[in-house]
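For the record, the sequence lines run as chains Z and E.
Just so we're aligned, residue 544 is where the first sequence starts under the working numbering, counting upward by one.
Just so we're aligned, residue 6 is where the second sequence starts under the working numbering, counting upward by one.
These are calculated hints, taken from the structure and not from any lab test.
Hints may be right or wrong, so weigh each one.
Facing chain Z, according to a computed beta carbon distance under 10 angstroms, are these residues of chain E, among others [said to hold, decoys possible]: (1) L119; (2) V120; (3) T124; (4) F158; (5) V166; (6) L172; (7) Q226; (8) T248; (9) L270; (10) V274; (11) F294.
All C-beta atoms, glycine included, are put in the ideal place defined by N, C-alpha and C.
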Amino acid sequence: MTRFWRRFVRNRQAGLGAVILAMFVVLAVTAPLVFPGSAFRSVDRPFLPPLSERVLGTDQLGRDVAAGIAHGARTSLSIGVLATALALLLGTLVGGCAGYYGGWLDDALMRATEFVQTIPTFLFAIVLVAILTPSVKSIVIAIALVSWPPVARLVRGEFLSLRSREFVLACVCLGMEDRRIIVRHILPNCLSPIIVTGSLMVATAILIESALSFLGLGDPNTMSWGFMIGGGRTFLRQAWWLCAIPGVAILLTVLAINLLGDGLNDALNPRLVGAAGR
Amino acid sequence: MNEPGGRAGYALRRVAQAVPVVFAIVVLNFGLLHLAPGDAVDVLAGEAGSATPEYMRQLRDRFGLEQPFAVRLALYVKNVLTFDLGFSFRHNMPVVQLILARTGPTLLLMGATLVVSVTAGIAFGLVAASRVHGWRDTLISILALVGYATPLFWVGLMLIVVFSLRLGWFPTSGMETIGAFHEGWRRVVDIAHHLVLPVATLSLFYVALYTRLMRAAMLEQVGMDYVTTARAKGLPEGRITLTHVLRNAVLPVVTMAGVQVGSLLGGTVVVESVYAWPGLGLLAFQALFARDLNLIMGILFLSTCLVIVVNLAVDLVYTLLDPRIHLA
Chain Z
544 MTRFWRRFVR NRQAGLGAVI LAMFVVLAVT APLVFPGSAF RSVDRPFLPP
594 LSERVLGTDQ LGRDVAAGIA HGARTSLSIG VLATALALLL GTLVGGCAGY
644 YGGWLDDALM RATEFVQTIP TFLFAIVLVA ILTPSVKSIV IAIALVSWPP
694 VARLVRGEFL SLRSREFVLA CVCLGMEDRR IIVRHILPNC LSPIIVTGSL
744 MVATAILIES ALSFLGLGDP NTMSWGFMIG GGRTFLRQAW WLCAIPGVAI
794 LLTVLAINLL GDGLNDALNP RLVGAAGR
Chain E
6 MNEPGGRAGY ALRRVAQAVP VVFAIVVLNF GLLHLAPGDA VDVLAGEAGS
56 ATPEYMRQLR DRFGLEQPFA VRLALYVKNV LTFDLGFSFR HNMPVVQLIL
106 ARTGPTLLLM GATLVVSVTA GIAFGLVAAS RVHGWRDTLI SILALVGYAT
156 PLFWVGLMLI VVFSLRLGWF PTSGMETIGA FHEGWRRVVD IAHHLVLPVA
206 TLSLFYVALY TRLMRAAMLE QVGMDYVTTA RAKGLPEGRI TLTHVLRNAV
256 LPVVTMAGVQ VGSLLGGTVV VESVYAWPGL GLLAFQALFA RDLNLIMGIL
306 FLSTCLVIVV NLAVDLVYTL LDPRIHLA
């Protein structure tokens, strides 16, 4: 009975996460329709408080905060998903090769993985974006380059344990190509921990992106939540809501993704606790 | 294996292992410089904005930009390994000197955060695990979930709004009251006063992390045989928890605290730039604004070295905490 209750509560959490996330996805998708034109355009008097003529008020340059939140949702979600996809690809490639082939290749790849993990993640991301010049592309690349190591370690572990199973040995005996064994036979068997890790990584990626754009390393042509907080920072005394509102948006999105990820974790691999060393 | 000689030998071996890592960072930095548009000197001097043509020529000479690739790499490695990280025009100071001057405040911030977050995390985890699914456990778990999802810089700004601007309890920025020139204990108190909000901000995420970890570790240990034994010989529950379970449950938290040093350093960039805390993070933020890439690379290099040193220290602490660990 208690176990059922716990599962129920957990599922309710995942459900809550799914609902919140769905709201932000809808907001992101419909942003160009509901708030047409650039979110950088000034539309009204500056410093209008929320719940006045504009739902969320206007900022120091008279830009609509609600439009910024909607367009920012596009930026955050797309960068989060793209960076995670790239990191998963990179991590799976490295971890898969290391786990499948073993030997010196495994040694070399794992040394490289540990090395990247030694470098302070956020500083590394800052340096990468600063050198590649800030743009959506360079932010995605930077986030992916700093977040693939946990995936590589996870995939390597899975591959190591699957490598010596009968079905893989059978494939080898049949003379199947390595690439086919890896992609068609081993990879599908370790998909669920990869999915769980990936879902939680989207949340981390969104947090990194917001911190980067808060520091002024965002794409100058794209509205983002971190940029809005960074811009409103100077006006904390007069208009604290300029910082508060985008922050709540980040908090809710990341919370929703984490809840959903935990739910996925419970559903897909009950034995795996706390994936990816978060 | 626990005699002092064994531990010293272990430390030496670990230092030897760190050498190739440091070397790899130097090579990585070199590679990053080549990734940037223009040659390394354009990046180093041009982007800082105020370099003179003479300095550019001097730099090209020093990096040997007309030389073949291998020679250039060797020159770069030699420069870095002799702690010659170049000159920052913006600050009119050698980069190494600049970084060393800013390391103290960052270490203070990191150290205080580490102590606060580990202590609070262990305490909250203990309380949460003592009555699973009670109201305290639920409350702590919800707070941990929220702490996990909150952007640090935003927490910092909101704390400033509430505690500095509205209530006026704490200063909004800096490490000391400017112009007060406190000395001795008054200075310590002044710095501690300035330290409260930055540490609270930076700790939030890690308190959440260690609480979750501690709770899980406690629940795992409670089911162990040695707990049953302790209970069978009639030890009171409080004593079992505090002297037996706690010692074992703390280990994963310490490991995690060591692993997190790199991410803690990253967090200081954001927190220091919110509170104008005069450490490495604020320096990195200012360097970003001035497009002073050379300075940022120097910070990246030295912080990575710092992470290696701290990891080594944590491993040594670990052998003290858990005598079962062999110094392999």
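Status of each hint after checking the structure:
1. L119: 15 angstroms, violated
2. V120: 20 angstroms, violated
3. T124: 21 angstroms, violated
4. F158: Hint holds; E/F158 Cβ to chain Z Cβ min 5 angstroms, cut 10 angstroms.
5. V166: 5 angstroms, holds
6. L172: Hint violated; E/L172 Cβ to chain Z Cβ min 13 angstroms, cut 10 angstroms.
7. Q226: Violated, because the Cβ-Cβ distance from E/Q226 to chain Z comes to roughly 14 angstroms (cut-off 10 angstroms).
8. T248: Violated. Min distance 26 angstroms.
9. L270: 4 angstroms, holds
10. V274: 6 angstroms, holds
11. F294: 7 angstroms, holds
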